[in-house]
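Reassemble the complex: the two chains are provided individually, in unrelated frames, and hints are given to aid placement.
In the order they appear, the protein sequences are chains A and B.
Its first residue numbered 1, the first sequence is counted upward by one per residue in our numbering.
Its first residue numbered 1, the second sequence is counted upward by one per residue in our numbering.
Just so you know, the hints here were simulated from the structure itself, not pulled from any lab data.
One or more hints might be untrue.
What the hints assert, rightly or not - Partial selection, computed: residues in chain B whose CB lies under 8 angstroms from chain A:
1. 31
2. 32
3. 33
4. 49
5. 50
6. 51
7. 56
8. 59
9. 60
10. 88
Claimed, not checked - No more than 30 angstroms apart at the CA atoms, straight line, and that leaves these computed lysine-lysine pairs for DSBU-like:
11. B:75 to A:37
12. B:87 to B:75
13. B:121 to A:57
14. B:121 to B:75
15. A:57 to B:23
16. B:87 to B:23
To be verified - Between beta-carbon pairs, the in silico distance windows are:
17. A:52 to B:121: 18 to 28 angstroms
18. A:135 to B:36: 41 to 51 angstroms
19. B:79 to A:29: 37 to 47 angstroms
20. A:54 to B:121: 23 to 33 angstroms
21. A:29 to B:133: 15 to 25 angstroms
22. B:59 to A:70: 20 to 30 angstroms
23. A:81 to B:135: 37 to 47 angstroms
24. B:43 to A:129: 22 to 32 angstroms
25. B:79 to A:122: 32 to 42 angstroms
26. A:86 to B:87: 18 to 28 angstroms
27. B:39 to A:129: 22 to 32 angstroms
28. A:85 to B:91: 44 to 54 angstroms
No residue lacks a Cβ here, since even glycine has one placed at the ideal position from N, Cα and C.
What follows is the residue order along each chain.
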Amino acid sequence: MTTEAAGTANQETILVVENDVFARMVISDYLRHCGYKVIEAAGADEALTLMQHLEIKIDVVFSAVQMPGSMDGFRLARWIRDNRPNLDVILTGSVPKAADAAAQLCDESPLPRPYEPQLVADRIRRLRAARSSRGGV
Amino acid sequence: MTAVRIVFSAREAVSAVSAAPRKVLVAEDDVLVRMMIAEELRQRAYAVIEAASADEALLIVSSGEAVDLVLTDIKMPGSMDGLGLAKALRRRWPRVKIVIVSGEQARSLSGSVTADALFGKPYEIEHILACIDDLIGPVTH
Numbered sequence: 001m002t003t004e005a006a007g008t009a010n011q012e013t014i015l016v017v018e019n020d021v022f023a024r025m026v027i028s029d030y031l032r033h034c035g036y037k038v039i040e041a042a043g044a045d046e047a048l049t050l051m052q053h054l055e056i057k058i059d060v061v062f063s064a065v066q067m068p069g070s071m072d073g074f075r076l077a078r079w080i081r082d083n084r085p086n087l088d089v090i091l092t093g094s095v096p097k098a099a100d101a102a103a104q105l106c107d108e109s110p111l112p113r114p115y116e117p118q119l120v121a122d123r124i125r126r127l128r129a130a131r132s133s134r135g136g137v
Numbered sequence: 001m002t003a004v005r006i007v008f009s010a011r012e013a014v015s016a017v018s019a020a021p022r023k024v025l026v027a028e029d030d031v032l033v034r035m036m037i038a039e040e041l042r043q044r045a046y047a048v049i050e051a052a053s054a055d056e057a058l059l060i061v062s063s064g065e066a067v068d069l070v071l072t073d074i075k076m077p078g079s080m081d082g083l084g085l086a087k088a089l090r091r092r093w094p095r096v097k098i099v100i101v102s103g104e105q106a107r108s109l110s111g112s113v114t115a116d117a118l119f120g121k122p123y124e125i126e127h128i129l130a131c132i133d134d135l136i137g138p139v140t141h
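Pulled out of the complex, with its shape left as it was, chain B reads as follows (with noise of 0.2 angstroms):
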């Protein structure tokens, strides 16, 4: 038998199967970062809410806003860092994926972080895309 393989883009794949955007949610204080990291999310397919600190994205969160993926800058202002963010989500939230990106080097931080994953200095955003796509991907099936 012979496998064939058909292959869609992200935005192809949406209409094609009418499945649901993947939310991630972007928690990031610095607004060009967020601005950034978002707009690429976007024209992957995603859906995308942009959170200014760790303390508006528990907010989303606890609001019951079906969010599948959190992608977090550790150091931020308010009542928590990304840490203290990724802690929360996985004790209360299991199922939602949690990805991490820090200026610091990722060797010092891998310790004592809850995450599915941990980008630390330097990293390049087409790999935390990718692990984006591979853990969640841009629809639902």
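Bound-form chain A, shown alone (with noise of 0.2 angstroms):
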């Protein structure tokens, strides 16, 4: 299977928290263009907001580091691990800290960045992999 064709046959959904808006339309239409379904949050309020409509389905959170508001992407992460840890996050970054402090809060270490969209897809069919390989949802 193609890393293009990774979402098609069950349809997962990502969430992307970028508050850079052409950086998140590029992201986003690239795993479109994998076969994922998308849902875009300009900040981290907003992706709490989505987050907390259980009804909303989310399999993936890909969220930037750095962002304006009242929560940045590692309290993000965190908020996540405590309240719905069957999601899985990717974080990315350009902050020399970033890979400590998110080492604690996700599987991977985060995404330099600029990063490669492929990488992203790649990064996350590696994380779905491993979850259905240990029985998750």
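What follows is the structure in structure tokens.
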């Protein structure tokens, strides 16, 4: 199965959390092209609003680390770990301390920015495969 | 001569004529509303860009992104609201169609609005989608 077709068999939903509208547009388009359903949030506050609606199906959260507003990507990841532990989280950022902080919150180290969209799709596929092999949803 | 009318669904039309999908920019600060409208439009085969404010929307259009229609809410945070966005769009990109939705009643707004269509409260999403279909249709021909 190619990367582009990864999400088509059983459409999974990716929540993209990114305050830079251009970055959000590019990665969201790419992931849709890969077959994923994508929900876009312009910040952590919007992401929280979405995740508090449990009827909205989300499988993976892809979030920037640095964002304006009441919560950055680290705090958002911590909230997810405490409240929606069934969600996989991928952080992306260019902050040097990101690696250390994110390592405690995510299964893998953050993607450094700028990132290749294909690396994001590969990371998503890997996380979902790992969860599936563990018997998770 | 017998006239034959062939009707395609939006998705069939895209694949049948290899036409490019029309691009709709949705400017809406309520993420739940934005998600719902964007999803409805994508299901109708539109290409959709989501903006969380008028500033984001203007940034996208200013970057040269070829947008066919902007659907905007009026009340939004930032340096301008949806009405300001509509005026800026009409002045600089007069070919871009503009549809405005508002929590206010349309009658109280119509005198001061620059737009191709205005939907005030209460509105049905189906009416907005039908209006967008009429203004641009889901694909280029």
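Status of each hint after checking the structure:
| no. | hint | result |
| --- | --- | --- |
| 1 | 31 | holds (4 angstroms) |
| 2 | 32 | holds (7 angstroms) |
| 3 | 33 | violated (11 angstroms) |
| 4 | 49 | holds (6 angstroms) |
| 5 | 50 | holds (5 angstroms) |
| 6 | 51 | holds (6 angstroms) |
| 7 | 56 | holds (4 angstroms) |
| 8 | 59 | holds (6 angstroms) |
| 9 | 60 | holds (6 angstroms) |
| 10 | 88 | violated (16 angstroms) |
| 11 | B:75 to A:37 | holds (28 angstroms) |
| 12 | B:87 to B:75 | holds (15 angstroms) |
| 13 | B:121 to A:57 | holds (29 angstroms) |
| 14 | B:121 to B:75 | holds (13 angstroms) |
| 15 | A:57 to B:23 | holds (26 angstroms) |
| 16 | B:87 to B:23 | holds (20 angstroms) |
| 17 | A:52 to B:121: 18 to 28 angstroms | holds (25 angstroms) |
| 18 | A:135 to B:36: 41 to 51 angstroms | violated (33 angstroms) |
| 19 | B:79 to A:29: 37 to 47 angstroms | violated (26 angstroms) |
| 20 | A:54 to B:121: 23 to 33 angstroms | holds (28 angstroms) |
| 21 | A:29 to B:133: 15 to 25 angstroms | holds (22 angstroms) |
| 22 | B:59 to A:70: 20 to 30 angstroms | holds (23 angstroms) |
| 23 | A:81 to B:135: 37 to 47 angstroms | holds (45 angstroms) |
| 24 | B:43 to A:129: 22 to 32 angstroms | holds (29 angstroms) |
| 25 | B:79 to A:122: 32 to 42 angstroms | holds (38 angstroms) |
| 26 | A:86 to B:87: 18 to 28 angstroms | violated (46 angstroms) |
| 27 | B:39 to A:129: 22 to 32 angstroms | holds (27 angstroms) |
| 28 | A:85 to B:91: 44 to 54 angstroms | holds (50 angstroms) |
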